[in-house]
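Chemist: Here is how the chains run, residue by residue.
Number of protein chains: 2
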Amino acid sequence: MSNPQHLDDLFTFLRFPSVSTDSRHAGDVVACGAWLVAKLSGMGLAAALHPTARHPVVLAKNKHVEGRPTVLIYGHYDVQPADPLELWDSPPFEPRVEGDRVYARGSTDNKGQILAHILAVGETIDEKGDVPVNLIILVEGEEEIGSPNLEVFLKEHRDALKCDVVAVSDTGMLEKGLGTFTYGLRGIACIEIKVTGPSMDLHSGIFGGTVANPATAVAQIVASLHDADGRVAVPGFYDRVQPLADWEIEGWSKLPLSEEATLKLTGAPSLFGEAGFSDHERRWARPTAEVNGIGGGYQGEGSKTIIPKEAFVKLSFRLVPDQDPGEILGLVQKHIEAHSPPGVRVEVKLGHAGKPYLTNPQDGYGNAAREALLEAFGREPALIREGGSIPIIQTFRDVLGVDTLMLGLALPDCQIHAPNENFSLSVFEGGIRMSRLLLDAIARA
Amino acid sequence: MSNPQHLDDLFTFLRFPSVSTDSRHAGDVVACGAWLVAKLSGMGLAAALHPTARHPVVLAKNKHVEGRPTVLIYGHYDVQPADPLELWDSPPFEPRVEGDRVYARGSTDNKGQILAHILAVGETIDEKGDVPVNLIILVEGEEEIGSPNLEVFLKEHRDALKCDVVAVSDTGMLEKGLGTFTYGLRGIACIEIKVTGPSMDLHSGIFGGTVANPATAVAQIVASLHDADGRVAVPGFYDRVQPLADWEIEGWSKLPLSEEATLKLTGAPSLFGEAGFSDHERRWARPTAEVNGIGGGYQGEGSKTIIPKEAFVKLSFRLVPDQDPGEILGLVQKHIEAHSPPGVRVEVKLGHAGKPYLTNPQDGYGNAAREALLEAFGREPALIREGGSIPIIQTFRDVLGVDTLMLGLALPDCQIHAPNENFSLSVFEGGIRMSRLLLDAIARA
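As you go down the protein sequences, you meet chains A and B in turn. Numbering of the first sequence is given in my numbering, commencing with residue -5 and proceeding in unit increments. Numbering of the second sequence is given in my numbering, commencing with residue -5 and proceeding in unit increments.
The following block holds chain A by itself, in its conformation from the complex (with noise of 0.2 angstroms):
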């Protein structure tokens, strides 16, 4: 059973509509933060909400003594716009609990997981006074429009934000109740192309055939993206991408999963991707290029025949070591041009980016975090990469010159940035439990 003062808070938190990248919701991103403070505050912590270019920064921290290890424990209280709202159950704002899960967006991306450590470090401090190590805890709120201030924040901050390791619980867990410890993230570089022809809608019929459609311009562009295989056809697009190691690939296919698996949680016809891979392997270790969202012309019900004036496309592209996500995104707008049909103009936009990430599991504190998860979860934890990206975690390693333990307690079927998003109340309660191990694992090392 979940710890009734635990779901009060969750759900306080889950109700704030605190989506970063609409400017709509701009105060609710800060009323979310500020809620936040005076929860950290009311632990006992020194806490504060820092202002930032966009949205602020939630910093926390407990006295700290000399001797001890620093933690920093990093989340984001932002989240994913919640449309198409018509394809929730519930309201995306008003969590919902049925079974063993609660329904609202934010509530594994990223509110349940930060919470969880928040509410250990509540838990620990009313117990013992404290917590065993120097504790900084810090929670942004720029997360998913790609941390555009957080790397400013953490440069002129970087003596208060001096620590040994950083913990962040925002990637998956393989399955309930399994630890997982990410040691790999791929990277993101996002853009959106724009074509505009006609200055107004025209008459297919009066004019079709004797000037460009920038529907078909933008659907051309977004063919030449691909081969055949599957492969992305920019060229030069994989001159940096290594290979994974042996110990990976046979790590990997011990591990609890399937193609089967994933085909259900997916309900995709089939699977399809690069040739010559397996489905976790292009997932975690393997780059992309993904069409988010694509649009131009009539866009209601029966027919409208005009050729629209203008169409666009939002892509992404994931990224594996050692891509650089400026490199690549120069690589892309060289292809744009190349494959630019003639009688429309193409405006490029360059999106947020971030690089992507690789570390060693089985070193210095990532022999605490699996100790940790060992205990909370009673299993050997699983070592993974993950596809998703945490541009963060490497910003972290250049910045504050830290590794990251990701711990994460997002399950595969948790629906993040689609509707219906859910998170496990059993895995938030085993989430405090390891939380609350962690730091004593650290301070133990």
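Simulated from the structure, these hints should not be mistaken for laboratory data. All clues stand as given, with none of them false.
Heads up, the list lumps identical chains together, so a pair's fine if it works in one copy or across two of them.
Straight-line C-alpha distance at most 30 angstroms; calculated DSSO-like pairs for lysine-lysine:
| id | residue 1 | residue 2 |
| --- | --- | --- |
| 1 | K343 | K328 |
| 2 | K258 | K188 |
| 3 | K343 | K258 |
| 4 | K188 | K343 |
| 5 | K149 | K57 |
| 6 | K55 | K33 |
| 7 | K248 | K258 |
| 8 | K57 | K156 |
Following the hints, complete the assembly by docking chain B onto the known chain A.
Modeler: Below, chain B alone, put in the same frame as chain A:
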């Protein structure tokens, strides 16, 4: 100056949002038809609203007298959707006059043009007690959705609709005051493709690389429709296309047409189309494949890193003699199947279709039409084809066995099917004159 009573009737007609493709406007369509019936009855014609499977047909007749030719005047009272609403300078169903133009959805297509004929008949009856021919006025409510029920209606009322010639104003006037006789039209064939993949939007990091992206698949299908020279790449598409006659190539080259005018009218950065043909040859006498609408995934501000669960494209093909819409739809379906990538489901929904049309403009009632155009506008009329589709013209030939005089009043910048559609009030008055002269000339023929 416009006759105030003419304007009053026009504005009343334009205020009905008779959007036939959108089921939410079904009541407005009926109300518009009922207003027309009242108008025609008030002029002394026997008029009635005839139900069909969807939107009703307005039918009116004078008392037929043996020995006079019978003329069927055809038009439509339904209109295209008005969206995107934000691009209109004034509400689309609240007519606004500026200079010589009235701005409203349907002002040119087709309410202003059919009303010119109706008012001409009304004035003639007021002055002379009757028009000099046996008259049938037929105004349908389904032209913008491909007239799905009119063919059945014509067949069921074949005897009552027996006539010698049809007159229609639903085509273009090359420039203000240049009477224009259209002797050819392109046909049309519409198709909608829906591509589905995963059962929900997926996180593009977690799943990117292992399932096919429906938006990418739609783009690949669209890109397969053309070659680099702007030709349609569907096998067999051009097999039945007839070349232009020499007199057409020569006659058209002398008309007041220019690529510069098309560029200015469309606002496109440059003209583009099938290699080897002029602007107007491509628009009037060559077939096309156009995207009317494409969509899938995130449409909002900023980025949302998903693999969308589905995507769609709405396509229309403009056809020329002797292409057959049914045969073309079959070829296109086969092509789509051949170009559907793995990992997605592709559903094809056939839309409306209409045959291309071609007749001889210097023959039979054509001479009466050219005489009326010359006298009404004071210049030798232009003989042209048009790129648009009026499938019903072919149906008149098939069912009633008669040709159609297409005497259009749509100026090049009237923006039909687009925001800020407008109609010239001086052309409106010229159209009323022309319609009176036409009935006189046909009576003498």
